[in-house]
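Generate coordinates for the entire structure from the input sequences, incorporating the hints supplied.
Chains as they are written, first to last, in the numbering used here: chain A, 1 to 240; chain B, 1 to 597.
Don't take each hint at face value.
Mimicking DSS-like on lysine-lysine, the simulated pairs with C-alpha atoms at most 30 Å apart in a straight line are [as the list claims (entries may be wrong)]:
1) A:Lys-164 with B:Lys-76
2) A:Lys-224 with A:Lys-209
3) A:Lys-133 with A:Lys-164
4) A:Lys-185 with A:Lys-133
5) B:Lys-397 with B:Lys-233
6) A:Lys-185 with B:Lys-317
7) B:Lys-317 with B:Lys-237
8) B:Lys-348 with B:Lys-76
9) A:Lys-185 with A:Lys-224
10) B:Lys-233 with B:Lys-317
11) B:Lys-233 with B:Lys-348
12) A:Lys-196 with A:Lys-185
13) B:Lys-237 with B:Lys-348
14) B:Lys-76 with A:Lys-133
15) A:Lys-185 with B:Lys-76
16) B:Lys-233 with A:Lys-164
17) A:Lys-209 with A:Lys-164
18) A:Lys-196 with A:Lys-133
19) B:Lys-348 with A:Lys-133
20) A:Lys-196 with A:Lys-164
21) A:Lys-196 with B:Lys-348
Treat the hints as calculated values from the structure; they're not laboratory data.
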Amino acid sequence: MGTETFSFIVDGVEVAASSGQTLLEACDAAGVYIPRLCHHPDLPPSGTCRVCTCKVNGRNVAACVTPAAARMVVENETPALTADRRALIEMLFVEGNHPCPYCVASGDCELQALGYRLGMTAPTQPYQWPGLKIDATHPDIYLDRDRCILCARCIEASRMQDGKTVFGFEGRGIAMRLSLDGDGKLGDSQMAAVDKAAHVCPVACIVIKRDSYRVPNGERRFDKTPIGSEIEARRGHPRR
Amino acid sequence: MFAIQTHDPAATGPSVHDVVVRFGADRDRLMDIVIEVQHRFGYVSDDAVREIADTLGIHAVEVNETVTFYAFLDRKPQGRNRIRLSKTPVAFTKGATAVAEAFERALGVAMGETTADGAFTLEWTSDIGWADQEPAALVNGSVVTELTPADVAPMIAGLRRAPAERGPPNSRARSSLVQAGPLLLGLHAPAAGLRAALALTPEAVIEAITASKLRGRGGAGFPTGMKWRLTRKALGKDHYIACNADEGEPGTFKDRVLLAEFPDLVFDGITIAGYALGARLGLLYLRGEYAYLWDHLQRGLAARRAEGLLGVGVCGKTGFDFDIRIQLGAGAYICGEESSLLESLEGKRGSPRDRPPFPTERGYLGQPTAIDNVETLVCAARIMEEGTAWFAGFGTKESTGTKLVCVSGDCERPGVYEIPFGITINELLDLVGAPDAQYVQFSGPSGQAVAPKDFGRRIAYEDLSTGGSTMIFGPHRDVLETALQFTDFFVDESCGWCAPCRVGTTLLKQGMEKIVAGRATLADVNATEALASTVARMSRCGLGQTAPNPILTTMRSFPELYEARLSSAAFEPLVTLDEALREAVEIRGDAPAKADA
Numbered sequence: 001m002g003t004e005t006f007s008f009i010v011d012g013v014e015v016a017a018s019s020g021q022t023l024l025e026a027c028d029a030a031g032v033y034i035p036r037l038c039h040h041p042d043l044p045p046s047g048t049c050r051v052c053t054c055k056v057n058g059r060n061v062a063a064c065v066t067p068a069a070a071r072m073v074v075e076n077e078t079p080a081l082t083a084d085r086r087a088l089i090e091m092l093f094v095e096g097n098h099p100c101p102y103c104v105a106s107g108d109c110e111l112q113a114l115g116y117r118l119g120m121t122a123p124t125q126p127y128q129w130p131g132l133k134i135d136a137t138h139p140d141i142y143l144d145r146d147r148c149i150l151c152a153r154c155i156e157a158s159r160m161q162d163g164k165t166v167f168g169f170e171g172r173g174i175a176m177r178l179s180l181d182g183d184g185k186l187g188d189s190q191m192a193a194v195d196k197a198a199h200v201c202p203v204a205c206i207v208i209k210r211d212s213y214r215v216p217n218g219e220r221r222f223d224k225t226p227i228g229s230e231i232e233a234r235r236g237h238p239r240r
Numbered sequence: 001m002f003a004i005q006t007h008d009p010a011a012t013g014p015s016v017h018d019v020v021v022r023f024g025a026d027r028d029r030l031m032d033i034v035i036e037v038q039h040r041f042g043y044v045s046d047d048a049v050r051e052i053a054d055t056l057g058i059h060a061v062e063v064n065e066t067v068t069f070y071a072f073l074d075r076k077p078q079g080r081n082r083i084r085l086s087k088t089p090v091a092f093t094k095g096a097t098a099v100a101e102a103f104e105r106a107l108g109v110a111m112g113e114t115t116a117d118g119a120f121t122l123e124w125t126s127d128i129g130w131a132d133q134e135p136a137a138l139v140n141g142s143v144v145t146e147l148t149p150a151d152v153a154p155m156i157a158g159l160r161r162a163p164a165e166r167g168p169p170n171s172r173a174r175s176s177l178v179q180a181g182p183l184l185l186g187l188h189a190p191a192a193g194l195r196a197a198l199a200l201t202p203e204a205v206i207e208a209i210t211a212s213k214l215r216g217r218g219g220a221g222f223p224t225g226m227k228w229r230l231t232r233k234a235l236g237k238d239h240y241i242a243c244n245a246d247e248g249e250p251g252t253f254k255d256r257v258l259l260a261e262f263p264d265l266v267f268d269g270i271t272i273a274g275y276a277l278g279a280r281l282g283l284l285y286l287r288g289e290y291a292y293l294w295d296h297l298q299r300g301l302a303a304r305r306a307e308g309l310l311g312v313g314v315c316g317k318t319g320f321d322f323d324i325r326i327q328l329g330a331g332a333y334i335c336g337e338e339s340s341l342l343e344s345l346e347g348k349r350g351s352p353r354d355r356p357p358f359p360t361e362r363g364y365l366g367q368p369t370a371i372d373n374v375e376t377l378v379c380a381a382r383i384m385e386e387g388t389a390w391f392a393g394f395g396t397k398e399s400t401g402t403k404l405v406c407v408s409g410d411c412e413r414p415g416v417y418e419i420p421f422g423i424t425i426n427e428l429l430d431l432v433g434a435p436d437a438q439y440v441q442f443s444g445p446s447g448q449a450v451a452p453k454d455f456g457r458r459i460a461y462e463d464l465s466t467g468g469s470t471m472i473f474g475p476h477r478d479v480l481e482t483a484l485q486f487t488d489f490f491v492d493e494s495c496g497w498c499a500p501c502r503v504g505t506t507l508l509k510q511g512m513e514k515i516v517a518g519r520a521t522l523a524d525v526n527a528t529e530a531l532a533s534t535v536a537r538m539s540r541c542g543l544g545q546t547a548p549n550p551i552l553t554t555m556r557s558f559p560e561l562y563e564a565r566l567s568s569a570a571f572e573p574l575v576t577l578d579e580a581l582r583e584a585v586e587i588r589g590d591a592p593a594k595a596d597a
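This is the structure:
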């Protein structure tokens, strides 16, 4: 099967792409950063967070699940989209408990990093205080569901890459939760600290024990450069 | 399938296994499996989840995902009798609150609770499809309508003697069909449309449907002929026609009328579509609220098989083998969204799929699938029977034919009306006897609040498009309170998959509560409007995209009502002091002294 190459326009800039790429993948390769949260490059996109929503030919679509197509006209970093994306980040902040100043993930947290990048100061919406229990039954991993943003990364990773299906969703709507296979305790599951599922959480819901402050605050991924910088650094360089 | 509910958890082991085996130990039939287990044991226990998972060769967490998604499936034991009251604004205007209170008093439990003896679970449920005869309820799956507080004691006494089987609606329920038109009158020989279609080539059937300009009756209005053509030409091992009988939009009940009173027209339509698409199987997705139609529909299918209208060589047409399977749902509005419906058909949570690919290319089991509304398929059957010109002779240029509208609320003659496209809201209000409507919630909560200044607008795809729900609210109704109730509906029915809808609907409800309570400042109202717009723009599927409509369209139609509720304060906290202190007061056992006391 031959790969077709073509181009499209994002915020006035021409982006080269090849067939089979999603809008997000094509932009990543071209060094154009589209803010995203649930997407993980090693996992199939699930489209749960909608942060990567762009306006394509006048219609809002999630870039992670939209195939790149020739001649499409894409709006990405417009004030309107940035405001909507910021509102989504706020929603996730108030849905759970995210006390950045004392959270183990601070500086490594993609939710926090997007809050900074998109210009959120403090959430304007009311906190929902989920009050869920921490699961510390596993010797090497703990689960803090109050931090969970239901991105589905761990579900996909456990199912597709670890071949274990430790995680799933439970309930629906605002009562939807991350649930566990078997008796519902992480310690009773097949989960291991080396699993892919233990290393894809964008926040501090799935945390490896005794490992949290190996890299001190101030020296973490997003402490020095904003989220997306590594993608934007590709801009101007030849692809691959 | 539906015997009296029994509770015998001891029998769980082998019986659950048998249920799974009866459905071919097929993971795609998980909905049937868990519905049957729920029905026989009253809930899906941990043991049952494990047993189902083991027999299917999947993980327990996957079974749990499906079971916990649906409102009519339980993971914990519930009362032997289930009383589910329809929670809709129309029901409230007809006295549902007093009925609920009568149940609470009679049973000694609050809504959502189970009696200590395990005899009754009392709860609210989303609209059950009887908006013309509210307050209505599902009692062990059977429908009771036009309830009053006086009905409660005798009903409970009767249920204590013998739990009602799931059966036809109670004697008080009357046909909802008030005015039939050309679509439903003058029917000739049985299966006349089907026979006419089979005399043509499949391509010619699609051409006829295209020429009739038939558009989807669910409200979106996609051209049916084009959908069938796309599905037919898409490559796949199999092709499917799915009939969407999951009419969950509050205020809609036309498909129930069609299924109850014109099932053969529905089956004709499905079979015609099957022939046109090159399908061998049609699927009818029946909402769980209509489970009492199960036996009636199965009898209809059995009769058709006996008459050669289904099976090998339908109507003697060599090479056209076709049958219809009914898939029962289990209480989830979202499954009316076509990609969620497909997920549910495959035994999964009813969360929508991202498109592309569209169902016409990759639908049920990844194969090309056309999903059509019940009414659309009835139209197709009648078009094949009476001809394209006959159909296009009704309605307007872009909206051919007639439309079934479901009228409820403050009017003299609620029910289903078959109207030609193109009539105005005013004409409809005259027809149903609603001279003093304050507004019409048009096409359900996902549609729009239409104010009197727009009553001259036409019901047609060119102007006001509708799935049929038409809820009328009289001059004494509280528009904002109603908008809040509709917003609450979307909180209950959001699937939870995408953040804007999952979190946004709850935040919108909280914002609207503050507005209705008269505690919102202008800044609060503006913030709620902005949030509503974000939810509409960023949500993944039609549910989230339209969930803010009750708020946004009442803001547009009735800005003065919002203005009248504004707080004059510069700032009103979302949480009142009393609310903030509630937990502390409970712990301490006394409230702090008030400064002004």
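Query raised in the report: Holds or violated: B:Lys-76 with A:Lys-133, Cα cutoff 30 Å?
Result: Answer holds: B:Lys-76 to A:Lys-133 is near 20 Å, not above 30 Å.
Query raised in the report: For the pair supplied as a hint, A:Lys-224 and A:Lys-209, is the alpha-carbon distance within the 30 Å limit?
Result: holds (25 Å)
**Report entry** Distance restraint between A:Lys-196 and B:Lys-348, which requires alpha-carbon spacing of 30 Å or less
**Finding:** Holds, at about 25 Å.
Query raised in the report: Would the pair A:Lys-133 and A:Lys-164 pass a check requiring their Cα atoms to be no farther apart than 30 Å?
Result: Distance of about 23 Å is within 30 Å: holds.
Requested in this report: Could you grab the alpha-carbon distance between A:Lys-196 and A:Lys-133 and see if it respects the 30 Å cut-off?
Outcome: holds (23 Å)
Query raised in the report: Is the straight-line distance between the alpha-carbon of A:Lys-209 and that of A:Lys-164 30 Å or less?
Result: Within the cut-off at roughly 21 Å; holds.
Query raised in the report: Is the straight-line distance between the alpha-carbon of B:Lys-237 and that of B:Lys-348 30 Å or less?
Result: The given pair, whose Cα atoms are some 22 Å apart, holds under the 30 Å limit.
Query - Pairwise hint evaluation, B:Lys-76 against A:Lys-164, where the allowed Cα distance is 30 Å at most - result: holds (26 Å)
Query raised in the report: Would the pair B:Lys-348 and A:Lys-133 pass a check requiring their Cα atoms to be no farther apart than 30 Å?
Result: holds (27 Å)
Query raised in the report: Does the alpha-carbon distance linking B:Lys-348 and B:Lys-76 stay inside the 30 Å limit?
Result: holds (20 Å)
Report task. Below or equal to 30 Å on CA atoms is what counts here, so check B:Lys-317 against B:Lys-237. Result -> holds (21 Å)
Query raised in the report: Is the straight-line distance between the alpha-carbon of A:Lys-196 and that of A:Lys-164 30 Å or less?
Result: holds (11 Å)
In summary, the structure is inconsistent with hints 6, 9, 16 from the numbered list given earlier, while agreeing with the others.
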